[in-house]
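2 protein chains.
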Amino acid sequence: MKYQILGVVLASVISGLFGLKIGEHAAAKPAEEVAGEEVLRHVVLFKFKDDASAEDVQGVEEAFAALPGKIEEIRDFEWGTNNSPEGLDQGFTHCFFLTFHSEEDRATYLPHPDHKLFGKALGPHLDKVLVVDYWSK
Amino acid sequence: MKYQILGVVLASVISGLFGLKIGEHAAAKPAEEVAGEEVLRHVVLFKFKDDASAEDVQGVEEAFAALPGKIEEIRDFEWGTNNSPEGLDQGFTHCFFLTFHSEEDRATYLPHPDHKLFGKALGPHLDKVLVVDYWSK
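Quick mapping for you: the protein sequence lines, in order, are chains A and B.
With this note's numbering, the residue at position 50 of the first sequence is 198, and numbering never jumps.
With this note's numbering, the residue at position 134 of the second sequence is 282, and numbering never jumps.
These are computed hints drawn from the structure, not numbers from a lab.
Predicted model only: the values in this text are computed from it and were never measured.
Careful: at least some of the hints might be erroneous.
Derived DEER-like restraints, expressed as beta-carbon distance ranges [what the hints assert, rightly or not]:
1) Gln206/B / Asp198/A: 36 to 42 Å
2) Ala202/B / Gly217/A: 39 to 45 Å
3) Leu236/A / Ala202/B: 24 to 30 Å
4) Gln238/A / Lys264/B: 21 to 27 Å
5) Gly239/A / Trp283/B: 17 to 23 Å
6) Glu234/B / Ser284/A: 17 to 23 Å
7) Pro272/B / Asn231/A: 28 to 34 Å
8) Asp275/B / Lys264/A: 30 to 36 Å
9) Ser284/A / Ser201/B: 24 to 30 Å
10) Ser284/A / Lys285/B: 17 to 23 Å
Using N, Cα and C, we set each Cβ at its ideal position, and we do this for glycine too.
For reference, chain A alone in the conformation it holds in the complex:
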């Protein structure tokens, strides 16, 4: 009886550990990172106007970073500020890197009201923008 109880406890612990493992794995690995699966990347570069304040720039960063919470078609999102030592940045200081799973999702994103609102808030501070999209190989 003691062994049976301990067996059940052991099985429960093992099963719990496996369950935890599977759960963590699934949560940590977004579908778009599955090896070999092509995704649609959307690369956006900004150069702000010289008179844009630090607060203006931070406001744009935060507004862009809020879009994935509003537009579910954005499957992955990251961004950062340029630190290349090569001097080939043509003045661009910010890179935003979005991932879609289809051209249909991009077609939903581009005219999306929340994207348009962001564009309106961005406009007054923007000197230039560059966008390229590609299916990842």
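With chain A held as given, fit chain B onto it using these hints.
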């Protein structure tokens, strides 16, 4: 005594499972994809000369794609050709997206002999290039 032995067995099983879990975790998920861990992205855009032939362009694509096999500091690599409908690409047709784990690794890559050789092969066909690097947020 029985409880002590079973305790040791239980501890051993649990520890083994944790070991397995950590091992599988590391194997299944490249370090650069660990959630919340910043990586150094290196974004390279090319516009080829008008007189670059399809073979010239393909040669550059293949030569660039061969670099991760030669330079271990390149932790991740993908590329693709622009298909943005927005008309904000400024003529850039190719995006290469490299990942480093440190600025030291980038400092090894930039002057690496294989990178330099690639640059020499690329040069005659290149109209313009743009590079931004960022730590992903």
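Outcome of the hint check:
1. Gln206/B / Asp198/A: 36 to 42 Å: 41 Å, holds
2. Ala202/B / Gly217/A: 39 to 45 Å: 42 Å, holds
3. Leu236/A / Ala202/B: 24 to 30 Å: 25 Å, holds
4. Gln238/A / Lys264/B: 21 to 27 Å: 22 Å, holds
5. Gly239/A / Trp283/B: 17 to 23 Å: At roughly 19 Å between Cβ atoms, Trp283/B and Gly239/A fall inside 17 to 23 Å, so the hint holds.
6. Glu234/B / Ser284/A: 17 to 23 Å: The hinted range 17 to 23 Å holds for Glu234/B and Ser284/A, with Cβ atoms some 18 Å apart.
7. Pro272/B / Asn231/A: 28 to 34 Å: The hinted range 28 to 34 Å holds for Pro272/B and Asn231/A, with Cβ atoms some 29 Å apart.
8. Asp275/B / Lys264/A: 30 to 36 Å: 33 Å, holds
9. Ser284/A / Ser201/B: 24 to 30 Å: 25 Å, holds
10. Ser284/A / Lys285/B: 17 to 23 Å: 20 Å, holds
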